[in-house]
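Visitor: Relying on the hints, combine the two individually framed chains into one complex.
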Amino acid sequence: MSEPLLDVQNLRVRFPTATGPVEVVRGVSFSLGRERLGIVGESGSGKSMTGRSILRLIRAPGVVTADRLRFESKDLLSISEREMRKVRGARISMVMQDPKFSLNPVMTVGEQIGEALAVHEKLPRKQIRQRVLDMLEAVQIRDPERVFRLYPHEVSGGMGQRVMIAMMLIPAPSILIADEPTSALDVSVQGEVLKIIDELITQNGMGLIFISHDLHLVSAFCDRILVMYRGEVVEECRASELDKATHPYTRGLLASVPRLDETREELPVLDRSQWETA
Amino acid sequence: MNAISLRNLDISYGDTLVVEGLSLDIAEGECFGLVGESGSGKSTVLRAITGLAPDWEGEISLFGQARGKRIDRTFAALCQMVFQDPYGSLHPRQTVDATLSEPLTIHGIGGADKRVPEMMEACGLDPKFRFRLPHQLSGGQRQRVAIARALMLKPKILLLDEPTSALDVSVQAEILNLLKRLRREQGLTYILVTHDLPVVSFLCDRLAVMRQGRIVEVATVDALKSNTMTDPYSRELVEKSTTRLSA
Ligand SMILES: Nc1ncnc2c1ncn2[C@@H]1O[C@H](COP(=O)(O)OP(=O)(O)O)[C@@H](O)[C@H]1O
Ligand SMILES: Nc1ncnc2c1ncn2[C@@H]1O[C@H](COP(=O)(O)OP(=O)(O)O)[C@@H](O)[C@H]1O
Ligand SMILES: [Mg+2]
Ligand SMILES: [Mg+2]
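In order, the protein sequence lines correspond to chains H and G. As numbered in numbering that gives the first Met the number 0, residues 0 to 277 make up the first sequence, in order. As numbered in numbering that gives the first Met the number 0, residues 0 to 246 make up the second sequence, in order.
Quick caveat, the hints were computed from the structure, so don't treat them as lab data. Here the structure is a predicted model, which is why all the values come from computation and not from measurement. Using N, Cα and C, we set each Cβ at its ideal position, and we do this for glycine too. Worth double-checking, as some hints may not be accurate.
In the BS3-like style, the derived pairs of lysine-lysine whose C-alpha atoms are separated by at most 25 Å in a straight line are [what the hints assert, rightly or not]:
#: 1; chain 1: H; residue 1: Lys-243; chain 2: G; residue 2: Lys-155
#: 2; chain 1: H; residue 1: Lys-73; chain 2: H; residue 2: Lys-121
#: 3; chain 1: H; residue 1: Lys-85; chain 2: H; residue 2: Lys-73
#: 4; chain 1: G; residue 1: Lys-113; chain 2: G; residue 2: Lys-127
#: 5; chain 1: H; residue 1: Lys-85; chain 2: H; residue 2: Lys-125
#: 6; chain 1: G; residue 1: Lys-155; chain 2: G; residue 2: Lys-113
#: 7; chain 1: G; residue 1: Lys-179; chain 2: G; residue 2: Lys-155
#: 8; chain 1: H; residue 1: Lys-243; chain 2: G; residue 2: Lys-127
#: 9; chain 1: H; residue 1: Lys-194; chain 2: G; residue 2: Lys-239
Some chain H residues flagged as far from chain G (calculated, every beta-carbon gap over 10 Å) [to be verified]:
#: 10; residue: Arg-81
#: 11; residue: Asp-222
#: 12; residue: Glu-231
#: 13; residue: Arg-263
Excised from the complex, chain G in its bound form (with noise of 0.2 Å):
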């Protein structure tokens, strides 16, 4: 079964179309990479699937199941997204307790005490960082809050939105081969929104390229790797990230 079904998927604010005509088949257990230029709307995909862009037309079912266009509790708890700043999306004046008890108490589950220490451990952070505030916390620390608040609810998706971007090489490294041990620890399926096609390279199975709302070629990251893709944008985009310069 598909974890992630998206079928012919029109996404809109206000007036504005912003994706037009978008159907992916996700499998259970895949990572899968959205790459492609600003404002291309690949966030807004991820915003749709999570019901934070709820102007949308077509279909959208996580394992077989259709979701609808409200914030839907059943499926907060099987897909979570992780963002580009973690600073930003935690709140300055909760500790780490806090933050990763809340999505407990929200869903009126128990057992904060004993799940808040092992999310930590299995996240990489120290139990001495349980009751600081982001503010006493490195980037890639606060990264790792922010995945492990997105995993409290044991949920089987992660969309992952520029989720190491904001991050020095070496803090990087570390959060791509935690994303990557969880991924394989609790079977999880993610899709990986990134600018960046060597960490597509690292840590995907398949990607699609993006181009104003809409996908102009999904292809295997062997593909990728081998400098195969067939789309002339995809192939510009892999160029550029050769050499570097601009996103």
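So here's chain H without its partners, still in its complex pose (with noise of 0.2 Å):
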């Protein structure tokens, strides 16, 4: 295999509380390459504080330490904050959940679209316009020059949600964390939203961290897969090969999933103290 886009060993995070600090991320390793890792786990298992560690998003008093944090050449943990702000966004990129809290209402789609663009490019107004109607339309946006003028609080949340990802994907990053980036929406747009995702990683050559609570969706859409329990990876698999899975929280996860062709009077529910020693 090459040389992995994102390397990572040993990652924690701890913050102080009442009662002494809590770790929340506990020594999680893994690498990247141009491929679709998913991190699946249920909410609280420190998901989320993996994902924005990466960007050096935690803030104070969270303290993030790792024996190895390595992007292309870069030392995430080392490099200066000058250098982290043309990592974020032009290298690695982040989408998240709600589309509604990561837009600015008062910049209309077009203009921080376009913003995204010229803080890592420079290039004349005309060029960025047409890049960033380009850009609507890869996200299948079906009237771009229209979007191109509305504000955030005028696009419905599937909407929302593409036009981050256009801002997101603009600079071309390398790579792609998109942290329960269709939970927020319509179930029924979740779909459409996914398929733009994919068609852009693959497309471009990128490498995708894909964070859901969702086991079936994760193992639908990427080709490997991290289960988190308790700021823990507790086990690691081609997606292909999840019902294979043995970790005892993996296989309850599994179990408590209704099937198609359900015959069971009642649906088994995590018993936690099975694999929960002290």
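Guide: Spelled out as structure tokens, the structure:
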């Protein structure tokens, strides 16, 4: 295999609390190539903290440490904040759950996407405009000229998320971190948004970290899966082999999902005492 | 007697007709699944039954009584709705206690002191949550509160609109088990709107597949499980469900 895009070894995230420090990410290690890597686990398992720490987005008093956090040839933990800003957005982008909180309410959709490009590349205005329109088309917005002029509150949830994806992908980053990118959307538009992410990732030969609590979504969408539980990766497998997972937590999750030919009168719920010791 | 009977129902928003010529009979105690692609009108059907989408023609009857177009208190007591997003449907500054007492107060029914803890217990909510706010609860606990609220007036019908779509799978299993048990214990009739066919397999007796505002097929859950539904579009949905990308 070629040199990975991202190499993470023994990543830890700690927060001080009234009862002493708590570690919410506990020794996570993985590497990412030009592939779709899924991180799955129930809410609170540390998925977002893992994604955010890659971009150094954990605010004090949170503390991030790692034996290694390398992107291309850069050590992400030691580079200056100025260098980090060049990585963020341009080289590694992140799409979050709710576009409402990530878009600037007083700038039009077109201006925002254009700015995402202008920050990283010096281009004439006209050319930026054209690139933005092309990008809006790439995320399958039917009337890009019209949407260019809309403000965030004037677009639906599904369209807002496409706008976010356009903004994150316009500088052509090599890694996209998508943190529950469709969880705030009506289930019906989730499929469309995922298809768009998938096409753009594949076309541009990027690496994707896809964070979700939805086991089946992740297994259908990714090449490889990390299962997180309480801040640790408890299982790693090829997406196609999820049904052969061995960790009791993963097995428990799989068992709790109803099947199309369901005959069980009751669904098993997780018995955490089974694998939680001490 | 049918719990729910819909006859030639046309439902519009303004000038746009979104549900057309829909007829359905749902027996008392039945759980009926309503599936279909986004925008096919599933939620709109539930909204018309509860009075939230007043612009309809045709007939809606619950237990043999035709309902009018307005919000109607007797119908509210008979038929309640639960939504996908428990966070959005609960008042952020209302405690569990206030949320569950409110329907009783509105309908001038006393005894909240007794009914609230009883209903919390029936819905698997620990008594210690009684004075908590929605943001102090997990997603699954919030959905339990939404279900408990819907049951406070002892309705006979629950309309469930994607009730577990926003939840972790482990939590989804708990809520599905809860819905199954409540239906059995309280003799409830359900319409369950979902994009998730396996959820229909677990909970329902029959289902209807909707497309562009019309029902294309009504089938038993056995036909769903054995993949013997007949309409090509229904079969396509089942196919998609087994490969799992896109809803
Ligand atoms: N500022 C904070 N102080 C203490 N704990 C926190 C803080 N922020 C998040 N956490 C905890 O970190 C854990 C992991 O959170 P997160 O990564 O957001 O989970 P996920 O994305 O898997 O749902 C959670 O248990 C959460 O409560
Ligand atoms: N409040 C509304 N005003 C106008 N159109 C609406 C409204 N709510 C839904 N619609 C439209 O009605 C159609 C059916 O929507 P809905 O019942 O929500 O579908 P589903 O629940 O099957 O996804 C869609 O085309 C939708 O855009
Ligand atoms: Mg998260
Ligand atoms: Mg709906």
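Visitor: Look at each hint and say if it fits the structure.
Guide: How the hints compare with the structure:
| no. | hint | verdict |
| --- | --- | --- |
| 1 | Lys-243/H / Lys-155/G | 43 Å, violated |
| 2 | Lys-73/H / Lys-121/H | 24 Å, holds |
| 3 | Lys-85/H / Lys-73/H | 12 Å, holds |
| 4 | Lys-113/G / Lys-127/G | 15 Å, holds |
| 5 | Lys-85/H / Lys-125/H | 24 Å, holds |
| 6 | Lys-155/G / Lys-113/G | 21 Å, holds |
| 7 | Lys-179/G / Lys-155/G | 14 Å, holds |
| 8 | Lys-243/H / Lys-127/G | 39 Å, violated |
| 9 | Lys-194/H / Lys-239/G | 14 Å, holds |
| 10 | Arg-81 | 37 Å, holds |
| 11 | Asp-222 | 14 Å, holds |
| 12 | Glu-231 | 17 Å, holds |
| 13 | Arg-263 | 8 Å, violated |
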